[in-house]
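Number of protein chains: 4
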Amino acid sequence: MAFKCSFRVHWVDTDTAGVMHYSNFFRYFEACEEEFYRSLSLPLTEIRDRLGVLLLRVEAHCQYKAACKFDELIDVTLKIREVQEKTITYDFQIFRQSDGKLAAEGFVKCIAVSTEWKAVPLPVEVARTVRSML
Amino acid sequence: MAFKCSFRVHWVDTDTAGVMHYSNFFRYFEACEEEFYRSLSLPLTEIRDRLGVLLLRVEAHCQYKAACKFDELIDVTLKIREVQEKTITYDFQIFRQSDGKLAAEGFVKCIAVSTEWKAVPLPVEVARTVRSML
Amino acid sequence: MAFKCSFRVHWVDTDTAGVMHYSNFFRYFEACEEEFYRSLSLPLTEIRDRLGVLLLRVEAHCQYKAACKFDELIDVTLKIREVQEKTITYDFQIFRQSDGKLAAEGFVKCIAVSTEWKAVPLPVEVARTVRSML
Amino acid sequence: MAFKCSFRVHWVDTDTAGVMHYSNFFRYFEACEEEFYRSLSLPLTEIRDRLGVLLLRVEAHCQYKAACKFDELIDVTLKIREVQEKTITYDFQIFRQSDGKLAAEGFVKCIAVSTEWKAVPLPVEVARTVRSML
Chain E
6 MAFKCSFRVH WVDTDTAGVM HYSNFFRYFE ACEEEFYRSL SLPLTEIRDR
56 LGVLLLRVEA HCQYKAACKF DELIDVTLKI REVQEKTITY DFQIFRQSDG
106 KLAAEGFVKC IAVSTEWKAV PLPVEVARTV RSML
Chain Z
6 MAFKCSFRVH WVDTDTAGVM HYSNFFRYFE ACEEEFYRSL SLPLTEIRDR
56 LGVLLLRVEA HCQYKAACKF DELIDVTLKI REVQEKTITY DFQIFRQSDG
106 KLAAEGFVKC IAVSTEWKAV PLPVEVARTV RSML
Chain X
6 MAFKCSFRVH WVDTDTAGVM HYSNFFRYFE ACEEEFYRSL SLPLTEIRDR
56 LGVLLLRVEA HCQYKAACKF DELIDVTLKI REVQEKTITY DFQIFRQSDG
106 KLAAEGFVKC IAVSTEWKAV PLPVEVARTV RSML
Chain A
6 MAFKCSFRVH WVDTDTAGVM HYSNFFRYFE ACEEEFYRSL SLPLTEIRDR
56 LGVLLLRVEA HCQYKAACKF DELIDVTLKI REVQEKTITY DFQIFRQSDG
106 KLAAEGFVKC IAVSTEWKAV PLPVEVARTV RSML
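Line by line, the protein sequences are chains E, Z, X and A.
Quick note: the first sequence uses our numbering, first residue 6, plus one each step.
Quick note: the second sequence uses our numbering, first residue 6, plus one each step.
Quick note: the third sequence uses our numbering, first residue 6, plus one each step.
Quick note: the fourth sequence uses our numbering, first residue 6, plus one each step.
Calculated directly from the structure, the hints in this document are not laboratory data.
A few of these clues could be false.
The list treats identical chains as interchangeable, and a pair is accepted whether it falls inside one copy or across any two copies.
Derived lysine to aspartate or glutamate pairs resembling EDC-like cross-links, with alpha carbons at most 16 Å apart [to be verified]:
no. : residue 1 : residue 2
1   : K74       : E90
2   : K106      : E77
3   : K123      : E40
4   : K9        : E110
5   : K74       : E121
6   : K70       : E40
7   : K106      : D80
8   : K74       : E51
9   : K84       : D96
10  : K74       : E39
11  : K9        : D80
12  : K91       : E130
13  : K70       : E130
14  : K123      : E77
15  : K74       : D54
Just so it is clear, the structure is predicted and the values come from calculations on it, not from any experiment.
Between the sequences and the hints, there should be enough to build the whole structure, so can you do that?
Next up, the structure:
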């Protein structure tokens, strides 16, 4: 099951080459992840404040297939690839709305840490929620 | 007449103090400006590609009144303060949706330049459109 | 007395117009401020961790005079404009090293806050140090 | 042979978790790449302006091992992993100067494109230069 949300490429996201800077795709991966948890009624602020857990990035990967220009609408999709005791891996794809072309795809793996930055098991609520999206 | 649009404060917008970094308010001012022109059916891409004009920033100012935290919804409003032969000045305000509090206000002044970076009069279409919003 | 430090304009600092994005000048103002305190043996980390004070931005202003391109060396200068009980105002200028041209100038005003985000008098050590640079 | 350069983690590079945002490691990979070409007397501006070639990112990867905090000095190393007809792959590592700990490692693969964005063979000068660093 894929979660999808849409963003506009802002002027500031682009660089001298006239296209979105490669690091900014990771910003949009994360913005999509934020929306994903909110859509499940479990926003990251709640995971942090009520459950005491941060989802720290341990790995990130992206392949760039087509450029995204200023003002372009992009669809970002998130799929849960894998849920382990302490980690979650998301697959992301970014499509250009104008022509439906795949602009980028990648993954991000994160690990649950307590507020003292110790790796901890995913809170039951989080694990159950993301597993339901597998 | 004020134009308004809403944004979410993303994790990446915040800093070690746990609030949106002061430079990022200017990113949201600009994102609002982008939406403003689009809402008038005259997107900045068209101003650039069809009319051959960029709106270069010559001055920017912001007063910070209240912090914006991660995941907060913010309303950004744009008002046209002044339109001169070659320049446009926008007033911006940013409000937190949660409590309606004014988080920041400022202005940005920009000047029309040709693709060779010479200052030029605002294209008639642009001048008329923004003046209609005075 | 002016404090000066130099930076390179990175690819990611630029936008589709081929020049440094207007919000990034504020990033370099701040990077210069960071170096300024370090040069006085009172780094911001120490002001925060030992003296319990953050310097929160309350106002920021910049006038843009000349574009900064990718790979350009820029000199950023900081002068203390005013020190009050709880606030410090810095004046900044950014020069292009290639031709010595003033690219931007502006100011940033900040206020001392405790770790509970209450405005507090500047720590004596900070006040004395910045006043010595007036 | 590894090329090394050092950077300071700026306040703006950090996020609410108090550490450098995961996307910013890619900014420092790229800043190191910029310095790398400059150190070889073949800056990216020259590759673009004289040789007519941009090095577009096609893949990026990073594993995060240890957090980088505000004001931390980091060493970024670049090694050429592979040079093909049209592509270059760099390996990067980021170390914290304070304790020498590996904070992150990853790679970036880029492809030479002409100013019309067609993939082209690496200019001889570029290929020879990066191969000499293998």
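Hints and how they fare:
1. When the C-alpha separation of K74 and E90 is checked against a cutoff of 16 Å, the pair qualifies neither within a copy, at 39 Å, nor between copies, at 27 Å.
2. For a Cα distance limit of 16 Å, the shortest separation of K106 from E77 inside one copy, 12 Å, qualifies, whereas the shortest one across copies, 31 Å, does not.
3. When the C-alpha separation of K123 and E40 is checked against a cutoff of 16 Å, the pair qualifies neither within a copy, at 26 Å, nor between copies, at 32 Å.
4. Taking the closest pair of Cα atoms, K9 and E110 come within 16 Å of each other only inside a single copy of the chain (14 Å); across copies the shortest separation is 30 Å, beyond that limit.
5. In this assembly of identical chains, the alpha carbons of K74 and E121 lie at most 16 Å apart only when taken from different copies (15 Å versus 40 Å within one copy).
6. Neither within a single protomer nor between protomers do K70 and E40 lie at most 16 Å apart by alpha-carbon distance, with minima of 24 Å and 26 Å respectively.
7. In the homo-oligomer, the alpha carbons of K106 and D80 lie at most 16 Å apart inside one protomer (10 Å), although the nearest pairing across protomers, at 32 Å, exceeds that limit.
8. When the C-alpha separation of K74 and E51 is checked against a cutoff of 16 Å, the pair qualifies only between copies, where the shortest distance is 13 Å, while the shortest distance within a copy is 34 Å.
9. For the identical chains of this complex, K84 and D96 are intra-copy neighbours only, at 5 Å inside a copy versus 28 Å across copies, given an alpha-carbon limit of 16 Å.
10. When the C-alpha separation of K74 and E39 is checked against a cutoff of 16 Å, the pair qualifies only between copies, where the shortest distance is 14 Å, while the shortest distance within a copy is 23 Å.
11. Taking the shortest alpha-carbon separations for K9 and D80, only the intra-copy value of 7 Å comes in at or below 16 Å, while the best inter-copy value is 23 Å.
12. Proximity of K91 and E130 under a CA criterion of 16 Å is satisfied intra-copy only: 13 Å inside one chain copy versus 45 Å between copies.
13. In this assembly of identical chains, the alpha carbons of K70 and E130 never lie at most 16 Å apart, being 36 Å within a copy and 27 Å across copies at closest.
14. In this homomeric assembly, K123 and E77 never come within 16 Å of each other (Cα to Cα): the closest approach is 40 Å inside a single copy and 21 Å across copies.
15. When the C-alpha separation of K74 and D54 is checked against a cutoff of 16 Å, the pair qualifies only between copies, where the shortest distance is 13 Å, while the shortest distance within a copy is 37 Å.
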